[in-house]
Structure formats: structure tokens, C-alpha cells
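Chemist: Spelled out, the chains give:
Number of protein chains: 2
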Amino acid sequence: MDNLAVPGFTASAVAVDIKGKGDGNLDMGLIVCEPRAAAAGVFTKNSMAAAPVLICRERILSGRAGAILVNSGNANCSTGEGGMTDAIRLCRRAGEMGNIPEEEVLMCSTGVIGGRLPADRMERALSHLFDNLSPDGLEQFSRAILTTDTRPKTDAVDLVLGSGEARIAGVAKGAGMIAPNMATMLAFVFTDARIPAAQLNEMITESVGRSFNNITVDGDTSTNDTVLLLASGVGPTLDDESDRTRFQQGLNEICSSLAEQIVADGEGTKKVVQISVLGAADDADADLAARAVAQSLLVKTALAAADPNWGRLVAAVGYSGALSSPEKISLNIGDVAVLRNGEPVEGYEEMAASEVMRRDRYTIEIDLGEGTGQQSILTTDLTEEYVRINSEYRT
Amino acid sequence: MDNLAVPGFTASAVAVDIKGKGDGNLDMGLIVCEPRAAAAGVFTKNSMAAAPVLICRERILSGRAGAILVNSGNANCSTGEGGMTDAIRLCRRAGEMGNIPEEEVLMCSTGVIGGRLPADRMERALSHLFDNLSPDGLEQFSRAILTTDTRPKTDAVDLVLGSGEARIAGVAKGAGMIAPNMATMLAFVFTDARIPAAQLNEMITESVGRSFNNITVDGDTSTNDTVLLLASGVGPTLDDESDRTRFQQGLNEICSSLAEQIVADGEGTKKVVQISVLGAADDADADLAARAVAQSLLVKTALAAADPNWGRLVAAVGYSGALSSPEKISLNIGDVAVLRNGEPVEGYEEMAASEVMRRDRYTIEIDLGEGTGQQSILTTDLTEEYVRINSEYRT
Chain C
1 MDNLAVPGFT
11 ASAVAVDIKG
21 KGDGNLDMGL
31 IVCEPRAAAA
41 GVFTKNSMAA
51 APVLICRERI
61 LSGRAGAILV
71 NSGNANCSTG
81 EGGMTDAIRL
91 CRRAGEMGNI
101 PEEEVLMCST
111 GVIGGRLPAD
121 RMERALSHLF
131 DNLSPDGLEQ
141 FSRAILTTDT
151 RPKTDAVDLV
161 LGSGEARIAG
171 VAKGAGMIAP
181 NMATMLAFVF
191 TDARIPAAQL
201 NEMITESVGR
211 SFNNITVDGD
221 TSTNDTVLLL
231 ASGVGPTLDD
241 ESDRTRFQQG
251 LNEICSSLAE
261 QIVADGEGTK
271 KVVQISVLGA
281 ADDADADLAA
291 RAVAQSLLVK
301 TALAAADPNW
311 GRLVAAVGYS
321 GALSSPEKIS
331 LNIGDVAVLR
341 NGEPVEGYEE
351 MAASEVMRRD
361 RYTIEIDLGE
371 GTGQQSILTT
381 DLTEEYVRIN
391 SEYRT
Chain B
1001 MDNLAVPGFT
1011 ASAVAVDIKG
1021 KGDGNLDMGL
1031 IVCEPRAAAA
1041 GVFTKNSMAA
1051 APVLICRERI
1061 LSGRAGAILV
1071 NSGNANCSTG
1081 EGGMTDAIRL
1091 CRRAGEMGNI
1101 PEEEVLMCST
1111 GVIGGRLPAD
1121 RMERALSHLF
1131 DNLSPDGLEQ
1141 FSRAILTTDT
1151 RPKTDAVDLV
1161 LGSGEARIAG
1171 VAKGAGMIAP
1181 NMATMLAFVF
1191 TDARIPAAQL
1201 NEMITESVGR
1211 SFNNITVDGD
1221 TSTNDTVLLL
1231 ASGVGPTLDD
1241 ESDRTRFQQG
1251 LNEICSSLAE
1261 QIVADGEGTK
1271 KVVQISVLGA
1281 ADDADADLAA
1291 RAVAQSLLVK
1301 TALAAADPNW
1311 GRLVAAVGYS
1321 GALSSPEKIS
1331 LNIGDVAVLR
1341 NGEPVEGYEE
1351 MAASEVMRRD
1361 RYTIEIDLGE
1371 GTGQQSILTT
1381 DLTEEYVRIN
1391 SEYRT
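Going down the list, the protein sequences come from chains C and B. For the first sequence, the numbering used here begins at 1 and goes up steadily by one. For the second sequence, the numbering used here begins at 1001 and goes up steadily by one.
Same shape as in the complex, but just chain C:
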């Protein structure tokens, strides 16, 4: 685990037993920023967005945040007016205890949809959370937000800027319901750099587009997806174009690292495969084709079996809606050439392709031969383990 401490931020976690299982796992966390952070966020596009997402979406408009309250085990989604009341009440109480304006307390929830939070128990746990805030608390916090994840996802980077050194650290959760547009994922990224909220907003939107939006485990977009970027401002400012570029690159790096950690921890997943489409009529077409391949059950089961059943790749491209034709498509599995302009490559050895597919991480390259559009999506294999996990999730 990296050292995740970022000047200006403290964090803590506690086991509230949100699911009522008595397993003693950490399942509620708190992050406090002193002084108030500049803040930006990106949220699920799911129209059934959960109560905490509705609250975050509205409150983030001020560009300021003082605390983030997070729980796992319960998504507080499809809980009607009662669920909204619960979330507002918890934020208000946290604001009172931390001396933070209520509307600067954000909340995120992840877990099962459709049940009410144990709000009384959670409210009683707030004093423990405030009493135990520490600059090193992000490690505990990163474990409190997990659901079916098998491990925490964290990363940090130090940047040398014109007026001093800045730090970006991130923690994330997510393992299933990982989808085209974001995922059932929460990610929290912190920096001590002094950056106005409007600029944070631009930067996080760009980073999310290059990372969390380009991963897929099962194609389901969750009701609770949230990425928050907070800047405490106790560190350096971004003084020129070069600082801004360096910061954006650092942010991209952290988001991509967290996104890749999410895919690699996908439920029942044994490998991470990059689907790279090039030669598409335009980037949007490349995106269509790459997502269709990356989400095809038949492709994903073939990946699990390390079976170079490449016809399934071709079929997925064919129904993706991207301009494509049987005479122009070319295909590589790792460095093994399979198809060239629709004709089988002479000397193609299925064994060689199968060998590539036994690796933990490799790339499938599909050239549509139509133009210069391109897109890459990270996907996973689909194993019997995935089905088992998702059949038994609540039992």
C-alpha cells in the first residue's frame, strides 16, 4: 500500500455492520478536509440515481466540500423519500459534529439496492469517525468502501510543479456492475494543490473519459457511480501551462491506475484484456466496435478459456453498428496475426494465439480498414466464478 496521506485531508473508518451480518468488516468511512477543499465530481447517468448521488450532484455545484461520508453494504437507492431523509440527516449530523456547513458534507453509498440504511446505527458511529480522523486514515477508509472487491484500490503520485511539490492520491472501489459509462464504482482523488473548482471539474472530466469510462466488466451502469476530486489548496498552485499539463498527466495516471485495478479485481476475473480498435471511420465508430467486443458474453467466455475463437470477435464488430465489412477487417491476438483484409493469414497457428490468451494481460487489435478512428477498452474474461458470485451475492 502506498503512503496515501495528502496535506489538508484526514480520514477514518469504522465497522457499523450495515448489512447486519456481524462480520466485523469496516463499512463506513469519513474524509474531512481542513480548510474546506475545492471540489468537482462526475456522477452516474443512470436515471434511477441513488439518494446520495442526488445530494452530491446538487451540493458539488458550490465547488466546495468539507467532508465525505461513505458507506458500503447498502446503496440507498430505490428507497423512496425515506432514503433521502436518511442521507440528509446523516450529512446534517456530520456537519454539526465537524463544524462544517451541512451543504458542504457529501455522501456516497454502495451495495445492495432497495433497502433502507441502518441510519440510527450509522448516526451513533459518527462520533467514532470524528474522534479517529488521521492523515494516515485513508488506508482504513479504502477498505471500508469495498463490497465484492477482493482488495483495496489505491495509488499516489508526487509532482514537481513550478512553485513546489504537489501530491495526488486516489482510492476507489468497484468489482461488478462495471459498465460502459463509469461503473458501480466510487473513486476519491485528493490533492493538496491549490486549484479552483471550475478547473478541477475540467480536469476530472477529462481523466474520467480516459480511464473509468473505458473499462467494462459486465456492462451494467450502476445507480451510485461517483468520482470526486478534492483539492485542499494547502500546497502549490498551478502557475503555467506546464504545471497544468503536469497535473493533468498525474491525474490521468492516478485515474487510469485505479480503473485498471478495478478491472483486474473484476468479479471472478482471471485476466485483463485490452480491446484496441483502429482504422474505424471515426473515433465514435471505434468506440462502438470496441465496446461491443468488450461486452460480448461470447467473447468474454472465450477469453476465459484462452480459446482463440476469433469468429466471436468478428461477429461482435458486425453487430456493433460501426461501419465495417468482411473484406476489410484485420485482426491480431497479441503479436499473432489472424485475419488480413478479411482473409485468414497464411501460417496462422491457433496454438500461438492460444498461448497469448493464456497471459494475464494482453491486447487484441482489430483494424476495420475504414479510416483513422480508434479506441481502446479494458475488459475481462467471464468465468463461472462471476456467475457464482452474482447468484449468491446477497445470500
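Computed footprint of chain C on chain B; a stretch qualifies when at least three of its residues, placed anywhere within it, have a C-beta under 8 Å from a C-beta of chain C: (1) 1047-1055; (2) 1108-1119; (3) 1298-1311; (4) 1335-1348.
In case anyone wonders, no lab produced these hints; they're calculated from the structure. By construction, the Cβ of each residue, glycine as well, lies at the ideal position given by its N, Cα and C atoms.
Using the hints provided, position chain B relative to the given structure of chain C.
Modeler: For chain B alone, kept in the frame of chain C given last:
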């Protein structure tokens, strides 16, 4: 097995060992119509359509067909120019042997994508197929077209029309790659009624829209999907509106029966679930929502476990793109009310919902509360067995 014989049609089948496995299974079939049938067809929209689909699509434009040659075990797709040459040569040879104009011989293939047909062996088998044609041959034929199917899909209906009795019989295959727009499926429907090709075309298009297009097993649209409707014309004509209605109803019935048989035989499938969306802003929105739910991996694994984890249904509606909101959605699992206008139904018992979900066949009803649009889609559970079948399909 129903009696499938239809006046004017004969059929046969043979084991050619297309996959080279020596299992002795029937894998090549022939249907001949004497005299020439009026014909119409509906084909995959996949841009990587297989060679036989390209041939069928062009030849069906004449509205006439004399024979259909079918093989399983190999899709003859992504086979370049060589694959097209193979298909054309087999049709030509069949035409010569059956004294049928070459352009009235149709061909359909289903199976693994990317390998060439054993065309020499298939050509040699043609004489056996022609020698063994029989009015009762459709039963054998229905077995020769299967791939991962566990059983043949057939149905027949007799209709009393104004000028006499007519018959409609159908055979189909399909178990995986069953998708939003048609499926990896072949269906052949025969009648002795005397109906012009243009009218057959209208009728089969309507029937496919109500049946094969509304089933999903895994969301993959295949490269080889084909539905053909042939009318020998040795039976009665459709004399008035009442005859036409009766015939259309009979055709709908056969297509729906075959479609439901395909879903019920979905790979690894234990149950068939109807997803009925109503109260949508319009029918197109209902379709979006129903398909999103019907194709969600998380929904399908919950169906497998008989787990009323209904939050997954709500989440899928939310990302479907259909107009919907958390305050208006209502939900029933069978006759168990779960959600009313976004609020949990009082007295809802999870055990009761779980009991419904243990049935082989039930309906989930989702009311969006936005308008009068509706759509129903048949889907299946997703089991570990599905993953096993599709990981091991070629091995």
C-alpha cells in the same frame, strides 16, 4: 414430435462429419419443393454476414425457391472469397442434381465462424440427400441443423380457410448468440397454401417482429441468422381478409412457439422469464427498458439464483435510456407487488417473490408510469453452465 409433413415439400439429412469429430451426428440437410415454392426471408443485420446469408439475401429477391441446403458445425463466415466459392459451388451442384435453377437453391450454415467448409465431403453427400428425400424427412432435417441445442424445435398447425385446409410447419435451431435482433438461429417455415412472395414477405416480417426479435439469451447477434418462409402453393389460396388473418395468426403462432423453444433451450438455461414493460412514454422506450433488463448480466444471474434482488431491475431500467424516474416506477414479480411509484410496497415479503422466481416460467412486470408504451421480451437466467458451455464450445 408433431407430424411436420407439408404437401409439396420433401426433406432429408445426412451425417457428413463437418466438424471432423467423427461423432456420427446428422449435420447436413436438404429441403426440396416440388413445384417451386414462393419464398420470403428475413436475415441478420450483422455487417459481417456469412457467405450463405449473402447468397440467400440476393436469391430470395426473385420470390422463388426450389431447395434449401443447410449445414451445422460451420458458419462459413469470415472465410474470405474461398468461403463464397464453396457455398456457390454446393448450390450449383445441388441444382444440377435436383434439376433446379441454380439461383433457386438457397443455403444456410450455422456453427463456428472462421473455418472453411469441408466442401468436397459435402458435395459427395449430396447424392445421399437427394436419394433420401421424403415428406417425413423434416424430423431428421430438424436434428441436422442443431449445434449446442439439446433438442429439435418444431411445431405445426392446421388452418381451415375458405377454400380448404392449409398447413404451416416450422423447424428452428438456436441456443446461444441469441440476441436483440434475431439470434444465432435458423428457422424454416413451410406451408402448402398458395400465397404470392410479396405477401409472404409482409407476413413473415410481421411474425418475426413479434417472435424471434423479442427473445434474448446472451445479446449477441449472429452472422448467420436466417428465417425462411416457403409456400408450395399446392393447397388453398387466401381468398379474403378472414383467410389472411387466420393465416397470419397461424404463422405468428408457429414463430412464437419456435422462438420460445429456442429460449427454453438457451445454453445452460433453467427458466424462461418474460420481462413486460408498460407505462413507458412510447413503445420504443418500453423496448429499450425491456431489452436492458432482459440482457443485464446482473439481472440474469439473480434469475438463476431465484434471488428477488430487484434493485438490479431498477438499475437496468435506469441506464436503458428510456424515460424513467425513481418516483414513478412500479414493479411486480409474478403476482407479488414490490414497488409502487418508487416506494417499497408495505407487506412485501421477499419469500413470496423468491417463490415465484423458483418457477420455470413467470413474468416480471415493470410500470414506468410515464405513458402507454409497452413491450415484452423473453429472457433466460444465466448459469455457470452457460459459461462452461461457451468456454468449452470448440474443445
